[in-house]
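Make the full structure from the sequences, and use the hints.
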Amino acid sequence: MMSFITHLTIPKFGGIGNATRCLACAFLSTTSVTKARTGETIMNVFDRRAKRLHRDRTTAMSDYKVYEYLKEEFGYRLSDRVLDIKREFNHLVDLGCGRGYVSKHLLKDSVKQIYQCEFSEKMLIQSEVSSEVPTQRIVVDEEHLPFKDNSLDIVVSSLSLHWVNDLPGCFKQVHNALKQDGVFLGCLFGGDTLYELRVALQLAEQEIEGGLSAHVSPFTSVQDLGNLLNRAGFTMLTIDIDEMVVTYPSIRELMYDLKGMAESNCAWSRKTHLKRKVIEAADVIYKDMYSNDQGVPATFQVIYFIGWKPHPSQQKPAQRGSGQISFKDLGNLDEITKKIDLESMKTDDSDPNNDKGPGKS
Amino acid sequence: MALPLTRICRAIIQTTRRSTQLSSLYCTQSSEDRKKQFDKSLLEILVCPLCKEPLRYDEQKNELISDKIGVAYPIVNGIPNLVPQDARVLKESTGS
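So the protein sequences, as listed, match chains A and B. If you're matching positions, the first sequence starts at 1 in our numbering and goes up one per residue. If you're matching positions, the second sequence starts at 1 in our numbering and goes up one per residue.
Hints listed in this document are in silico derivations from the structure and should not be mistaken for laboratory results. Predicted model, so just to flag it, every value in this text is computed and none were measured. Misleading hints may appear alongside valid ones.
To be verified - With a cut-off of at most 20 angstroms between alpha-carbon atoms, the simulated SDA-like pairs for lysine to any residue come out as follows: (1) A:148 / B:61; (2) A:122 / B:76; (3) B:68 / B:54; (4) A:179 / B:61; (5) A:148 / A:122; (6) A:122 / B:78; (7) A:86 / A:132; (8) B:36 / A:126; (9) A:112 / B:54; (10) A:148 / B:51; (11) B:52 / A:248; (12) A:259 / A:238; (13) A:112 / B:57; (14) A:112 / B:51; (15) A:112 / A:84; (16) A:271 / A:210; (17) A:287 / A:238; (18) A:172 / B:52; (19) A:287 / A:311; (20) A:71 / A:86; (21) A:148 / B:36; (22) A:65 / A:260; (23) A:179 / B:53; (24) A:172 / A:259; (25) A:287 / A:308; (26) A:112 / A:128; (27) A:148 / B:77; (28) B:68 / A:149; (29) A:172 / B:39; (30) B:61 / B:47; (31) B:61 / B:39; (32) A:172 / A:238; (33) A:148 / B:47; (34) B:52 / A:238; (35) A:148 / B:40; (36) A:179 / B:45; (37) A:65 / A:248; (38) B:36 / A:248; (39) A:112 / A:181.
This is the structure:
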């Protein structure tokens, strides 16, 4: 996020009056909108076209399945969460489906129709589909969703939203596309992902080149994700963190695997090359700081989230003042519950007579 | 409201004209693509990603057309491509 923030803070309105400040702000915001839309400016964090190319390139590899271990695993875990919701969904959208990591595990008991959406056309053609559920494929940019308002029952997204520039806008569009009481379920990489690699590269580059650049992209933190979902209008949020540590022989295998997963760096401020000296130094630092018996560990932190589009039938907090027991009595809660139980027993005994009365008349 | 939106959309698309031309070239080259038919039931949930208005299916050219902003989205192998950068801007004819 560093580069993003520094660019944002460049304009300063030190001694400008209120009216001019407003004008200047308005001007800035309009230009930033048009610039952001063309996808060519520093206001964006990620180069989406480069990411699309990364994904396209992996499709040319004959052994692309070797690198899918991470996405397969988290896709399976996410599909398990979909099946946990005891409901039948008519339309499911798998946003950023990759090679169908989530949707291929879904069953016809819970989903009637799947739409696999992916930015990379070539990857989409390789995607696997569920054996039971009819599936349609659509090439979609996550930043411009092509779905009608109030048309979808559930949107799932597994490990793809961390490359989206406009996350609030994306969430808002998902919210609009969902029906009332629809659910948005997904996972994306969290802030601690690959911290070992980040530290090793930073230290190595600092030492050899006397400065550092972003090699590991900025990830969303848990708090931010909660706030963003809330802001987009989702309710009853559930957010939890999962961590997976994968051990590699050295930093080279890790970076090679990341490339195979199409997770190479695509930040606009990225450096297009990495000197061999830097990689060698980073390798030594990585081993020195983190290595264990098997090799060097790499942490992948994944944040799962569930958000619901509001509906009147959903659970709500009780009204203020509707509580029956004072917080003062929390200490002797057992006695109070016993008393309430006794009273309810008594009323149960007397109730049948009362019930019969109106019944007869 | 309609006019600026149209202009913005056109601007986005025209910036990447070259890639569009390439993709359209690809479309014409492969005749086998037409084998897989586009499923029209998709139109029930799909809208234009830029203006969020309904799309029209052009069977002859095998494209999805957004009439409001005058943009056509290609369909390759029965898979609609609704990425704004890949879309083709229709010639100014009616409407505007």
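Checked hints:
Proximity of residue 148 (chain A) to residue 61 (chain B) is assessed by CA-CA distance (about 24 angstroms); at most 20 angstroms being required, the pair is judged violated. Taking the CA atoms of residue 122 (chain A) and residue 76 (chain B), the gap is about 11 angstroms. The hint holds against a cut of 20 angstroms. Our distance criterion of 20 angstroms between C-alpha atoms is met by residue 68 (chain B) and residue 54 (chain B), whose separation comes to about 9 angstroms. Among the hinted pairs, residue 179 (chain A) with residue 61 (chain B) is inconsistent with the structure: their alpha-carbon atoms are about 33 angstroms apart, more than 20 angstroms.
Under the criterion of a C-alpha separation no larger than 20 angstroms, the hint pairing residue 148 (chain A) with residue 122 (chain A) is inconsistent with the structure, at around 25 angstroms. Taking the CA atoms of residue 122 (chain A) and residue 78 (chain B), the gap is about 14 angstroms. The hint holds against a cut of 20 angstroms. For the given pair, residue 86 (chain A) sits about 18 angstroms from residue 132 (chain A) by alpha-carbon distance, which is consistent with the 20 angstroms threshold. At roughly 16 angstroms between alpha-carbon atoms, residue 36 (chain B) and residue 126 (chain A) fall within 20 angstroms of each other, so this suggested pair holds.
Taking the CA atoms of residue 112 (chain A) and residue 54 (chain B), the gap is near 23 angstroms; set against the 20 angstroms cutoff, the hint is violated. Of the pairs offered as hints, the one joining residue 148 (chain A) and residue 51 (chain B) holds, with about 11 angstroms between alpha carbons and a cut-off of 20 angstroms not exceeded. Between residue 52 (chain B) and residue 248 (chain A) the alpha-carbon distance is near 46 angstroms, which puts this suggested pair outside the 20 angstroms criterion. A threshold of 20 angstroms between alpha carbons decides the hint, and for residue 259 (chain A) with residue 238 (chain A) the separation of about 31 angstroms lies outside it, so the pair is violated.
Among the hinted pairs, residue 112 (chain A) with residue 57 (chain B) is inconsistent with the structure: their alpha-carbon atoms are about 24 angstroms apart, more than 20 angstroms. Distance hint between residue 112 (chain A) and residue 51 (chain B) is unfulfilled; the C-alpha atoms sit about 28 angstroms from each other, more than 20 angstroms. For a cut-off of 20 angstroms, the pair hint linking residue 112 (chain A) to residue 84 (chain A) stands: about 16 angstroms separates their Cα positions. Simply put, residue 271 (chain A) and residue 210 (chain A) have alpha-carbon atoms about 15 angstroms apart, close enough for the 20 angstroms limit, and the pair holds.
For the hint linking residue 287 (chain A) to residue 238 (chain A), the alpha-carbon distance of about 37 angstroms lies beyond 20 angstroms, and the restraint is violated. The suggested pairing of residue 172 (chain A) with residue 52 (chain B) holds, with an alpha-carbon distance near 13 angstroms, which does not exceed 20 angstroms. A threshold of 20 angstroms between alpha carbons decides the hint, and for residue 287 (chain A) with residue 311 (chain A) the separation of about 52 angstroms lies outside it, so the pair is violated. The suggested pairing of residue 71 (chain A) with residue 86 (chain A) is violated, with an alpha-carbon distance near 25 angstroms, which exceeds 20 angstroms.
Between the alpha carbons of residue 148 (chain A) and residue 36 (chain B) the distance comes to roughly 24 angstroms, so the proposed pair goes past 20 angstroms and is violated. Of the supplied pair hints, the one linking residue 65 (chain A) and residue 260 (chain A) holds, its CA atoms being roughly 9 angstroms apart against a limit of 20 angstroms. For the proposed pair residue 179 (chain A) and residue 53 (chain B), the alpha carbon gap of about 17 angstroms is at most 20 angstroms, so the pair holds. For the given pair, residue 172 (chain A) sits about 31 angstroms from residue 259 (chain A) by alpha-carbon distance, which is inconsistent with the 20 angstroms threshold.
In summary, the hint linking residue 287 (chain A) to residue 308 (chain A) is not supported, as the alpha carbons are separated by about 44 angstroms, beyond the 20 angstroms threshold. Proposed proximity of residue 112 (chain A) and residue 128 (chain A) is supported: the alpha carbons are some 17 angstroms apart, at most 20 angstroms. This hinted pair does not check out: residue 148 (chain A) and residue 77 (chain B) have alpha carbons roughly 23 angstroms apart, beyond 20 angstroms. Using a Cα cut-off of 20 angstroms, the hinted pair residue 68 (chain B) and residue 149 (chain A) holds, with the two alpha carbons roughly 17 angstroms apart.
With a C-alpha separation of about 27 angstroms, the suggested pairing of residue 172 (chain A) with residue 39 (chain B) is violated against the 20 angstroms cut-off. Note on residue 61 (chain B) and residue 47 (chain B): the hinted pairing holds, with a Cα-Cα distance of about 18 angstroms set against a maximum of 20 angstroms. Among the hinted pairs, residue 61 (chain B) with residue 39 (chain B) is consistent with the structure: their alpha-carbon atoms are about 15 angstroms apart, no more than 20 angstroms. Note on residue 172 (chain A) and residue 238 (chain A): the hinted pairing holds, with a Cα-Cα distance of about 18 angstroms set against a maximum of 20 angstroms.
In summary, the hint linking residue 148 (chain A) to residue 47 (chain B) is supported, as the alpha carbons are separated by about 6 angstroms, within the 20 angstroms threshold. Restraint check: the Cα-Cα separation between residue 52 (chain B) and residue 238 (chain A) comes to about 30 angstroms, which exceeds 20 angstroms; the hinted pair is violated. With a C-alpha separation of about 15 angstroms, the suggested pair residue 148 (chain A) and residue 40 (chain B) falls inside the 20 angstroms cut-off, and the hint holds. Distance hint between residue 179 (chain A) and residue 45 (chain B) is fulfilled; the C-alpha atoms sit about 12 angstroms from each other, no more than 20 angstroms.
Among the hinted pairs, residue 65 (chain A) with residue 248 (chain A) is consistent with the structure: their alpha-carbon atoms are about 18 angstroms apart, no more than 20 angstroms. Under the criterion of a C-alpha separation no larger than 20 angstroms, the hint pairing residue 36 (chain B) with residue 248 (chain A) is inconsistent with the structure, at around 43 angstroms. In summary, the hint linking residue 112 (chain A) to residue 181 (chain A) is supported, as the alpha carbons are separated by about 17 angstroms, within the 20 angstroms threshold.
Against the hints set out earlier in the document, violations occur for numbers 1, 4, 5, 9, 11, 12, 13, 14, 17, 19, 20, 21, 24, 25, 27, 29, 34, 38.
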